Amino acid sequence: MSYEVPGKLVTTVVGSYPYFPEALKALQLRRRGERGREYEELVRRAIARAVEDYLSAGIDVIADGEQRREDMAVFFAEELKGFRLSGPVRIFDNVYYRRPVIVDKIEWDHEIIVEDFRYVTKLSKGRPVKVTLTGPYTMYTWSLDRYYGDMRKAMLDLAEALSMEIRALVKAGARYVQVDEPALSTRPKKEDVILTGEALEIMVGKFSNVKRIMHVCYGKLERLFPEVLDFPIDQLDLEMKNSNYALLKLLREYSFDKELGLGVIDVHSEKVESVDEIIEGIRLGLEILPPEKIYVKPDCGLKRLSRETA
Amino acid sequence: MRLYAGICGSFPRPPELRKAINEFREGKIGRGEFEERYRSSFRMVVRLQEDSGLNLLTSGLLLWDDLLRPFAENLAGIRLGRLLRFFDNNFYYRCPVIVDQIKWMRPIILDEVRSLSEVTSKAVKAIIPGPYTFLKLSEDRFYGSRDRLADDLIQVLEREIESLSDLADFIQIDEPSLVDPELGEDDRKWGVEVVNRLLEAVSVPRDRFLVATYFNLDPGSYSILLGVEAGLHLDLSSARDAEDVLRREGYSGDLLSLGVVDSRSIFPEKPEDITGRVEKILEGVSVNALIISTSSWLDYIPFENAVEKLKILGEVLRRLEAGSR
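As you go down the protein sequences, you meet chains W and L in turn. Under our numbering, think of the first position of the first sequence as 1, with each following residue one higher. Under our numbering, think of the first position of the second sequence as 1001, with each following residue one higher.
No lab work stands behind these hints, which were simulated from the structure alone. Bear in mind that the values here come from a model prediction, so they are computed numbers and not experimental data. Hints are supplied without guarantee of correctness; some may be wrong.
[What the hints assert, rightly or not] Coverage of chain W stretches by chain L, computed from C-beta distances (three or more under 8 Å per stretch; other residues unrestricted):
#1 82-88
#2 91-103
#3 135-145
For each residue, glycine too, the CB sits at the ideal point set by N, CA and C.
Generate coordinates for the entire structure from the input sequences, incorporating the hints supplied.
This is the structure:
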């Protein structure tokens, strides 16, 4: 079955979707190390339900809803070689989580999300499927490093390992590859932005036949400029609604001409935006870019919302 | 020169305490049982510091949910707001929302500091949030004037410091905002002025005060920091060139705390390397009292790794003491 993606104002999602009960049960099994048939079936059922919601909403470029992933950094740390999980670390109040710990050289030794990509493609009724991977900067800064003691070396190894996964995804037919770097806007250092560009070159630079997307959100996004303009990406996917489209001014200042993932839905609020509100957001985007270069989507992943709101 | 080793601020909550807090908040245990379990964790954290050879102890701040929380919860005029990121950490604090005039009602950390001084014969450090960082990390819906808000914050913190003065050997005023790289020069200078106004207001001798900065240190902010009329704690682990800045610009105060053990990393650190770094700093810096410390609080790493940090601190102290004999 084929599906023609519109030539302008393509709609898409950032990645995550509220967990279905099947996914929550699968995550429990995964935590216990039980990754057998029951686990796989539960994950598949959850992915199928996310896809069903995307299709019924008429989204042009869909994803797997990240139903297999409890946390975007922990998931890849569990799958790549060189990581283990730490003891609990506080995130706020009395809430703790386990952080990935780098204990050896980071390497890729098996396909991680390729089967999920194939499965969603089967269900997508011809719509393109976007794959999402947590980027080297976010993976490194959200981990504890016991092995490298050198951010640059670790990030470049991460980029190499993740590029192997992308190679497998591209071989399986993926044409929309998104690298998620939410940590990038939270730190002030310019050299980190430059290093991320270098890591992205390793990770996605060679895949010029796919649409390469980087997603960043919440924080001082202006710190990424102007270096981000030279990143080897075709599309920059940004949160816009939550910050009241303030970033559009910055994009105009830098004569931004890549494709833009325009966030028009605030994922931190259970209030559902009206169609008029969304149209107004798109109009603001159209003031700086032609419709062919605008992808319309939520600010970020939808997993923190209730399914009804999402 | 008097030589101390001690952590900068908090110690991770022991697993048993995390469990007790959850059970207490869920109503599964009463206050009596909770306090008993807290005291057991508190004694364990004190013992861990002592057994590692540290000679300047903190309470571990085991019940503090964040730097501002005990104060935001116990001062009049403040209610708790949303969770916000604490500087560049994957750690969040609850933003104090100032809705009325801030007033000091009762001692806030006195019991905690008293308990520490009762169970240890080592020197004791009390910690309070500084007025500038408090102001910067809060949301003001009442004063509409940073000067008037700063005046009242200084007043309440002065009351708190006076209540502690007999129990603590050192009082540390935490001011990470003073080295926030986002700050403009004028803002930073005003921040130093606010801290100095607090120091002028209290009757405790200046050589017992430490103003703690962490997460950053660059040449521009360091030269302004030197205007603080008390000892300084400097994070020499987070910023890549912080030690160069210190060596190049010097230090003329009486009390200095060096955050040479990285509180946000678990990469193995060698006591001999850290000792070498401190000795190199001391070639150009002369103080009456030197504290060897973690770069900041220890909330950012797991409990077992924090225990490793204590041992490193103790070992560095032993090596420095052996070297100075």
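To see whether the hints hold, each was checked on the structure:
no.	hint	result
1	82-88	holds (count 3)
2	91-103	holds (count 7)
3	135-145	holds (count 4)
Figure legend: structure checked against the earlier numbered hints; every hint is met.
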